[in-house]
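Chemist: Go ahead and model the full structure; you've got the sequences and the hints to work with.
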Amino acid sequence: MSRKRPTDDGDELLARLGSLTAQARERAELQRSRVELALALQRGMLPRDLPMAPGFRLAVKYAPACYGLNVGGDWYDAFAMPDGRIGLSIGDVQGHNIEATAFMGQVRVGLRALASVTSEPGELLARTNDLLLSLGSDLFATCTFMRLDPATGVLESARAGHIPCVWATADGKSGVAEDECGPPLGVQEGMDYPVTRSRLTKGGVFVLLTDGVVEGPTLSVEEGLDQVVRLAGIAAVAGMPADSLAAAVIKGAERVGHEDDAAVLVVGHDGLTAPDVPLVQP
1170 MSRKRPTDDG DELLARLGSL TAQARERAEL QRSRVELALA LQRGMLPRDL PMAPGFRLAV
1230 KYAPACYGLN VGGDWYDAFA MPDGRIGLSI GDVQGHNIEA TAFMGQVRVG LRALASVTSE
1290 PGELLARTND LLLSLGSDLF ATCTFMRLDP ATGVLESARA GHIPCVWATA DGKSGVAEDE
1350 CGPPLGVQEG MDYPVTRSRL TKGGVFVLLT DGVVEGPTLS VEEGLDQVVR LAGIAAVAGM
1410 PADSLAAAVI KGAERVGHED DAAVLVVGHD GLTAPDVPLV QP
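Quick note, my numbering runs 1169 ahead of the 1-based positions in the sequence shown.
The set of hints was computed from the structure by calculation and includes no laboratory data.
Careful, some of the hints might be misleading.
Said to hold, decoys possible - Straight-line alpha carbon distances no greater than 27 Å define the calculated DSS-like cross-link-like pairs of lysine-lysine that follow:
id	residue 1	residue 2
1	1342	1371
2	1371	1420
3	1342	1420
Claimed, not checked - Cβ-Cβ distance ranges computed for the label pairs, FRET-style:
id	residue 1	residue 2	range
4	1224	1307	42 to 52 Å
5	1253	1347	20 to 30 Å
6	1424	1299	31 to 41 Å
7	1307	1253	34 to 44 Å
8	1407	1286	38 to 48 Å
9	1320	1408	34 to 44 Å
10	1423	1304	29 to 39 Å
11	1304	1439	38 to 48 Å
Computed from a predicted model, the values in this text were never measured in an experiment.
Even for Gly, the Cβ is constructed at its ideal location relative to N, Cα and C.
Modeler: Structure follows, in structure tokens:
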């Protein structure tokens, strides 16, 4: 009976190990390429520039999930409208994959396109909801749309299943917005989205965010929102720039204990509103 020499067995084992190593390296390179593609797609759908208005400052911070293919569909957007007002949106698509990212792009583009027809927040969300349903997707999205009038500081907002925003004023008041909320976009036809009006006073801030900033296995949404309220309150009293507040809020996302997108959009008022418009608190 013939037997392979030990050296032959060793050579065969080394050859097999080499083959497995090459396959693992190939799979890792493919996975990395897919992640890079997904992240590029996600970032390419977000705005590069933010609109500007005298006396107001906008700032954003965005931290995409990038573990494996765990790329989600969080977005933010800000754009100038023909009447001089500014449209602001932030939202989160169900799911954490490339399909969710693509659907995010459809929602964001849909909001922008329909805002040229109507910028009234409640009607805009209702029309966007019907548009998404007509696409026949199984996905849905939560969203907040806000319309800012720089001439008066008036903010009109509507929510579709999204977490509420946080506000703070220069005199030390702060809290979570107490507004009505409609259902997520893309779930059911004919939905209504109540509109809430407030005014951003000099030195005040509004913070819009996604749940990846405030909710996770190690932090409840209530605790997370309380943390943002404290940060916003300190920022407003201290006169902190909007971008510094946004950076501080996104830093808090590290405490939530999960791998999810995190988006923050801060609106700050560092100038005077029109002199004939009385200022009121949020």
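Chemist: State for each hint whether it applies.
Modeler: Evaluated hints:
The hinted pair formed by residue 1342 and residue 1371 meets the criterion: a straight-line CA distance of about 13 Å does not exceed 27 Å. Distance hint between residue 1371 and residue 1420 is fulfilled; the C-alpha atoms sit about 26 Å from each other, no more than 27 Å. Using a Cα cut-off of 27 Å, the hinted pair residue 1342 and residue 1420 holds, with the two alpha carbons roughly 23 Å apart. In this structure the supplied range 42 to 52 Å holds for residue 1224 paired with residue 1307, their Cβ-Cβ distance being about 43 Å.
The beta-carbon spacing between residue 1253 and residue 1347, approximately 28 Å, falls within the hinted interval of 20 to 30 Å. A beta carbon spacing of about 38 Å between residue 1424 and residue 1299 agrees with the range 31 to 41 Å that was offered as a hint. Between residue 1307 and residue 1253 the Cβ separation comes to about 39 Å, which falls inside the hinted range of 34 to 44 Å. Look at residue 1407 against residue 1286: about 41 Å separates their beta carbons, and that is inside 38 to 48 Å.
At roughly 23 Å, the beta-carbon separation of residue 1320 and residue 1408 lies outside the given 34 to 44 Å, and the hint is violated. Judged by the Cβ atoms, the range 29 to 39 Å given for residue 1423 and residue 1304 holds: they are separated by roughly 35 Å. One distance hint, 38 to 48 Å for the beta-carbon pair residue 1304 and residue 1439, holds here, with the actual separation near 40 Å.
Going through the hint list in order, the structure does not satisfy hint 9, though it satisfies all others.
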